[in-house]
Amino acid sequence: MNAFDYAAPQSVDEAISLLSAGNGNIGMLAGGTDLIAQLKEGRKIDLMIDLKQIPEATALSFDEDSGLSIGAATPCSKIYSYDVVQSRYPALVDCTSLIGSIQIQNRGTVGGNFCNASPAADTPPAVIVLGGTCRIAGPNGTREVAAEDFFTGPGQSVLQSGEFLVSIQVPTPAANSGAFFLRFIPRNEMDIAVANAAASVVLDSDKTTIQEARVAIGAVAPTPLLIADAGAALVGKAVDDEDAIEAACAASRAAARPISDMRGTIEQRIHLSGVLTRRAIQGAIQRAKES
Amino acid sequence: MPGKVHVTTTINGESVEFLCEPRQTILEVLRDQLDLTGTKEGCSNGNCGACSILVNGEVIDSCLMMGVEAEGQEITTIEGVASADGLHPLQQKFLEHAALQCGICTPGFIVAAKALLDQESDPSEERIRLYLAGNLCRCTGYDKIVRAVQDAASEMAE
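These protein sequences, in sequence, are chains A and B. Numbered by the numbering used here, the letters in the first sequence go through residues 1 to 291 in order. Numbered by the numbering used here, the letters in the second sequence go through residues 1001 to 1158 in order.
By construction, these hints were calculated from the structure, which means they are not laboratory data. Accuracy of the hints is not assured; some may be wrong.
What the hints assert, rightly or not - Okay, derived cross-link-like pairs now, SDA-like style, lysine to any residue, Cα gap no bigger than 20 Å in a straight line:
| id | chain 1 | residue 1 | chain 2 | residue 2 |
| --- | --- | --- | --- | --- |
| 1 | A | LYS289 | A | THR208 |
| 2 | A | LYS52 | B | GLN1073 |
| 3 | B | LYS1004 | A | LEU47 |
| 4 | B | LYS1004 | B | ASP1035 |
| 5 | A | LYS40 | B | PRO1002 |
| 6 | A | LYS52 | B | GLY1072 |
| 7 | A | LYS52 | B | VAL1007 |
| 8 | A | LYS52 | A | ALA7 |
| 9 | A | LYS52 | B | GLU1074 |
| 10 | A | LYS78 | B | GLY1057 |
| 11 | A | LYS44 | B | GLN1073 |
| 12 | A | LYS44 | A | ASN25 |
| 13 | A | LYS40 | B | GLU1021 |
| 14 | B | LYS1004 | B | ASN1047 |
| 15 | A | LYS40 | B | GLU1074 |
| 16 | A | LYS289 | A | ALA250 |
| 17 | A | LYS40 | B | ASP1032 |
| 18 | A | LYS44 | B | PRO1002 |
| 19 | A | LYS237 | A | ASN176 |
| 20 | A | LYS52 | B | HIS1006 |
| 21 | A | LYS52 | B | GLU1071 |
| 22 | A | LYS78 | A | ALA59 |
| 23 | A | LYS40 | A | ASN2 |
| 24 | A | LYS52 | B | ASN1056 |
| 25 | A | LYS237 | A | ALA250 |
| 26 | A | LYS78 | B | ASP1035 |
| 27 | B | LYS1004 | A | ASP5 |
| 28 | A | LYS44 | B | GLY1003 |
| 29 | A | LYS78 | B | ASP1118 |
Just so it is clear, the structure is predicted and the values come from calculations on it, not from any experiment.
If we strip away everything but chain B, and leave its shape as in the complex, we get:
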C-alpha cells in the first residue's frame, strides 16, 4: 500500500497542510478531510462543474485534480468567496434573483462566475453563457443564473 503524501498548500488565503493518499482527488480531500463541504460532488467526471474550485485563480473541476497536485498552489473554494464584510456580490445577486432551487450546483456556478468576473468586468450575456457551459443546473433553466451574474457584474463595476 503506497504511503500518504504530505501536501502544503494555500486554501482561501490560509496555509494548510494535509496528508493524503495519491489516489485521493482534491475534491475528496476538501470535503472528507478538511471539512470544506461547500464544494459539491456531482458527476465526478468533469461534466457538471458542481465541484468547481479556483486554482491560482483559474476555475477547474476538483473531481479531476489529485490532492497531491495541490502542493504549492493557491486554492479558492466557495467558503473563500464571501469576505468578512459580507456576501460576495455574486452570492447576493444569486439570492436576489432566486438563481437557485436545490442549490447543489450553486457553489460551482458562483466559483466559476467569480473566475469570469475576476478576469472580465463586463462580459456579454453570450460570453457568460459560454463561460458557464461547464456548469450544469437541472432546476433553474439558467436564465436566472445568467441575470444574477450580469447584475453582479454591473454592481461590481460601480
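Here chain A stands alone, though its shape is the one from the complex:
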C-alpha cells in the first residue's frame, strides 16, 4: 500500500473542507471492505478521510414523519439488528444480512455499497423500491438524489469531486405495503449476485388490489435498474393476477442488458431477471398481506 495521510473529521463541514483542500485523490473510509481491498490491489490515494466520527454519517434513526435515516458509515449488522428495520423494513434485512460474511457485515456499509457502485451490489434494488434517496454533501450544500438516479455506470455515481454521501433516507412505509429482496447465487453464502431483484407494493385496504408497485433489478446492467414498466403492469391489478405479474416479469427481462462472465451468461441473467422479479413481487405481496 502506498503512503497516504489520514483524517477523521468530526463534522460534515470539516469533511467538505478536507475534500476541497485535497487534490481529488482521496479515499472515503466507512467500513473499508471495498476501499482497503482496492488499496491493496494498487489503487493510490493521498488522503484517507474516515467518516466514522461524523454524527450524520453514523446515525441510524427512524421518525414516523421523515422515515429511516441510514448514515453512510453505518455497518450492515447495525442496520439489520435495528428493531425498526426488522419490523418496518424487512427488505433491508433481506439485503444487508446476505452481503459477505459476518465479519464483512460488521464493517461494510450501505453507503459504501452505493459508492462502490458495483452493478451486482445487493442493497441498491431494495433501497430503490422503497423510494430511498441519497443525501449528498458538497461545497454548495446538501442535495438529494433518488437512489435509482445515483448510479451512472460500473464503479461510477453522480458524486462530483468535493462531494460525499452522508446518508440514505428511506420513507416510512405506507399502510398495507410490503417489500422484498432476493438474489440468485449458486452457493449458500459468501457470493456475488448472478442477478438480484426487489419489489415493493402498496395494497388497498382489502389487501386484494395493488395500488402502487416498484420493481428494481441488479447485476443485469451497468447499474441497478428501476423497472418502471414492471411497476406499471401491476398497478390496479388484483394481487393474484398472474397475467399482470407475468407482464412485470417480461418488463424486467426486456430491460435487462447483462454481460456474460464467470458468474453467468447473458441468457441466464435475462431468464433470472424474470424469475427473481416474480419471486420479489410475490414476496412483497405476501408481506403486505401480513402487514
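We have chain A already, so just place chain B on it with the hints.
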C-alpha cells in the same frame, strides 16, 4: 511521507499505545509491532477470516481495518481468549475434537465462534455454519469445527 499517527486503544483488556503509518492495517500493527502473532494473515482481502479479531465485541477481518481506526476501540485477539484459569471452552473443545490440522485458520475460527457464543448461548448447527461462513479451513472439512463449537456451547450453558 505522511507522519505516523499516535493511537491509544485497548487490546485484550490492557491499555495500549502505538505509533503507526496510516497505511498500516490493524493486522500489521498487531503482528509486526505489538508481537501479537496469534492473529494470522490469510488471504488479506476479507475472504478467509484467518485474521478475525473482535472490535467492541464484534468480529471483523483485521486485514480490512486500518491501525488508526483502533483509536478508542476495545480489541480482543486470540491472545485474549484464554483466562488466567486456563483455556476458553472453545479452545479446549477444538483440542478434544481435533478441530484443526495445520492450525492457521484456528485463531480466526475461535475468535469468530466466541463472538457467536457471546451473543447466542444455544445456536443451531445451521446458525453456527452460517456464522462461520466467513472463516475458511482447507484441512478439516468443517464438521469437527462445528461439533467443537456445539460442544463448547453446551458446556458453557452448564
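Structure-based check of all given hints:
no.: 1; hint: LYS289/A x THR208/A; verdict: holds (9 Å)
no.: 2; hint: LYS52/A x GLN1073/B; verdict: holds (12 Å)
no.: 3; hint: LYS1004/B x LEU47/A; verdict: holds (14 Å)
no.: 4; hint: LYS1004/B x ASP1035/B; verdict: holds (19 Å)
no.: 5; hint: LYS40/A x PRO1002/B; verdict: holds (18 Å)
no.: 6; hint: LYS52/A x GLY1072/B; verdict: holds (12 Å)
no.: 7; hint: LYS52/A x VAL1007/B; verdict: holds (16 Å)
no.: 8; hint: LYS52/A x ALA7/A; verdict: holds (11 Å)
no.: 9; hint: LYS52/A x GLU1074/B; verdict: holds (16 Å)
no.: 10; hint: LYS78/A x GLY1057/B; verdict: holds (13 Å)
no.: 11; hint: LYS44/A x GLN1073/B; verdict: violated (27 Å)
no.: 12; hint: LYS44/A x ASN25/A; verdict: holds (8 Å)
no.: 13; hint: LYS40/A x GLU1021/B; verdict: holds (15 Å)
no.: 14; hint: LYS1004/B x ASN1047/B; verdict: violated (29 Å)
no.: 15; hint: LYS40/A x GLU1074/B; verdict: violated (25 Å)
no.: 16; hint: LYS289/A x ALA250/A; verdict: violated (24 Å)
no.: 17; hint: LYS40/A x ASP1032/B; verdict: holds (18 Å)
no.: 18; hint: LYS44/A x PRO1002/B; verdict: holds (14 Å)
no.: 19; hint: LYS237/A x ASN176/A; verdict: holds (15 Å)
no.: 20; hint: LYS52/A x HIS1006/B; verdict: holds (18 Å)
no.: 21; hint: LYS52/A x GLU1071/B; verdict: holds (12 Å)
no.: 22; hint: LYS78/A x ALA59/A; verdict: holds (10 Å)
no.: 23; hint: LYS40/A x ASN2/A; verdict: holds (9 Å)
no.: 24; hint: LYS52/A x ASN1056/B; verdict: holds (15 Å)
no.: 25; hint: LYS237/A x ALA250/A; verdict: holds (16 Å)
no.: 26; hint: LYS78/A x ASP1035/B; verdict: violated (32 Å)
no.: 27; hint: LYS1004/B x ASP5/A; verdict: holds (9 Å)
no.: 28; hint: LYS44/A x GLY1003/B; verdict: holds (17 Å)
no.: 29; hint: LYS78/A x ASP1118/B; verdict: holds (17 Å)
Hint compliance for this structure: hints 11, 14, 15, 16 and 26 are broken, all remaining hints hold.
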